[in-house]
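Novice: Here's the letter readout for the chains.
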Amino acid sequence: MSHLETTLAALQDKFGDVLEQVVEFRGETTVVIHAAANLAVLQFLKETLGYTFLADLTAYDDWPEEPRFKVIYQLRNLFGPVSLRVKCPLAGDAPQIASVTGLYPAANWPERELFDMFGLQITGHPDLRRILMPSDWQGHPLRKDYPLGYEEVQFTFNFDDIDKKKPYAKE
Amino acid sequence: MTAQDTQLLEATIDELKHLFSPRAQTGETMVLNMGPQHPSTHGVLRLIVELDGEIIVNAVPDIGYLHTGIEKNMEAKTFTKALVMTDRLDYLNNMGNNLAYCLAVEKLMGVEVPERAQVIRVILAELQRIASHLVWLGTHANDLAVQSMLFYCVRDREYILNIFELIAGQRMMTSFMRPGGLWRDVPAGFEEAVRAFLDYLPARLDDYERLTKNNPIWLDRTKGIGVIDGPTALAMGLTGGSLRGSGVNWDIRKAMPYSGYEQYQFDVPLGSAGDVYDRYWVRMLELRQSLRLVDQALAKLKRLGPGPVITADRKVAPPPRAEIGVSMEALIHHFKFWTEGFPAPAGEVYVATESPRGELGVFLRGNGGPKPHRVHFRTPSFINLQSTSLMSKDHYIADVVAIVGSIDIVLGDVDR
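Same order as they appear, the protein sequences are chains A and B. Counting from 1, one number per residue, gives the positions in the first sequence under my numbering. Counting from 172, one number per residue, gives the positions in the second sequence under my numbering.
Read the hints as simulated data drawn from the structure, not as lab findings. From the three backbone atoms N, C-alpha and C, an ideal C-beta is built for every residue, glycine too. It cannot be assumed that every hint is accurate.
Just so you have them, the derived chain A footprint on chain B, three or more residues with Cβ under 8 Å [said to hold, decoys possible]: (1) 232-239; (2) 242-252; (3) 276-282; (4) 405-417; (5) 511-520; (6) 545-557.
Build out the structure end to end from the sequences listed, making use of the hints.
Specialist: See the structure below:
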């Protein structure tokens, strides 16, 4: 039995109630779990099954579908190596997920990026600020309802006017 | 400055208060801004450093000055047209970015790349690695007072840029690799040009080693500076030369080979101390390994002989020009390809490649349409830069430039 099969069996066994789906696509395995259980599952994967390296942490927006956001953890067991993707769906209304910086210190900046780009609240993050956009920026650029361009240029005299009809996701 | 501006300024400082020790509040330590226009930050990196005399209490990187929204922009372009954005990510690793993105698209589409194209990709990716390492060496040495090095290294990089110009007509933003293969085959004179470079560089590298390796000033500035041990480096997500300098044997070209890297003989140089010197030395050795790889790939290219360099799948790659005049289907494919693009299946892939700086990963998601639903670049500079605070604690402020240089960041890669 390959390590990946062992992993899936162990997850099914231990986290069967939060495990929503296992997806195979182009030889990559994605495990969809309840977002509330992300810490418990990742801790189990890291400490028991050796997925010690967090290769990537990102998200995408399925707007207007619900649950809208999907947070992606790209984990890797360096012996093998075995890759596993963990996906946590989040509802669009006040999306929040627990920080994994305690398990994977590398998650610090990527989680700030999620906060910045998607407006996800990362609970328990040590330093949750915007990272790429300026600190006084309005809206979250990688949301699908955030326009890409073709905006009216805002000057001081028409700032509030334009701001009212701007279609960005307001908090 | 109006009252509103002052408020804003104070709010920003308040926001950062938790990052500094209580001693900064009383004025016992000094908070100093370094950058974003500092020559030794390799671009527009701003470091907010808290100093106790000349000793660093904490260094907080502040990034985003070069954020161009590439990931958002790519969502509005077809898979083919989005390729040109990747050149602009890490401007010292254009070929490598192209390669990572193309591999992701190919995996999503389930397309096979002809062997000749794969071999040329390896040659170009390794030449790009050499070019990138040369710029790193030049700027890093320049930061550490070996100023002549920058001129030598940039001159040598010129040979590689000339080769890129020969094949693509462009020196930097080549967009030469395309989903499915290459834009076109390499022209006559390519092999000779690369061979000439392979003959030229080793003697130059010997010189550069003589300039730095045992230079007492160099040793003073690099030995025991910015130490990070292997397990911490892995936990912080460090990859590439920065990780191997700490003695962790992890190279994606070996561990998870792509583009046929498993067919070539090369070693993965390792350090042990995890300091600035070891990271420097690992990259110096990597330059030689890249030369070895290019040499083998060139020989293989000669053995293979002429052949296609892009997939025959007309949905993913445009038909050859000559075919359009004689084939109705080719004309339709050509038109559909350049106007509508090709639909990708709904699904997501993650592809990891070894860029000169570490793991360059591409997360690509299709949703049945001709445009990517989400592209995310796991850029090595972004993740590696996180470790700056950790590495620079309790060192002199002058060592910050050595540490930042040894991580080898490119701000285009950090900010995307």
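Novice: Each of the hints needs a verdict: does it hold here or not?
Specialist: Now the hints, each set against the structure:
1. Given as covered by chain A, the region 232-239 of chain B passes the check, having 3 residues with a CB less than 8 Å from a CB of that chain where 3 are the minimum.
2. Only residues whose beta carbon comes within less than 8 Å of a beta carbon in chain A count, and the region 242-252 of chain B has 5; three or more means the coverage holds.
3. Given as covered by chain A, the region 276-282 of chain B passes the check, having 3 residues with a CB less than 8 Å from a CB of that chain where 3 are the minimum.
4. Coverage of a stretch by a chain is defined here by at least three residues with a beta carbon nearer than 8 Å to that chain's beta carbons; for the region 405-417 of chain B and chain A the count is 4, and the condition holds.
5. Evaluation of the coverage hint for the region 511-520 of chain B: fulfilled, as 3 residues show C-beta separations to chain A shorter than 8 Å, against a requirement of three.
6. Judged by the Cβ-Cβ criterion of 8 Å, the region 545-557 of chain B is covered by chain A as claimed, because 7 of its residues qualify and three suffice.
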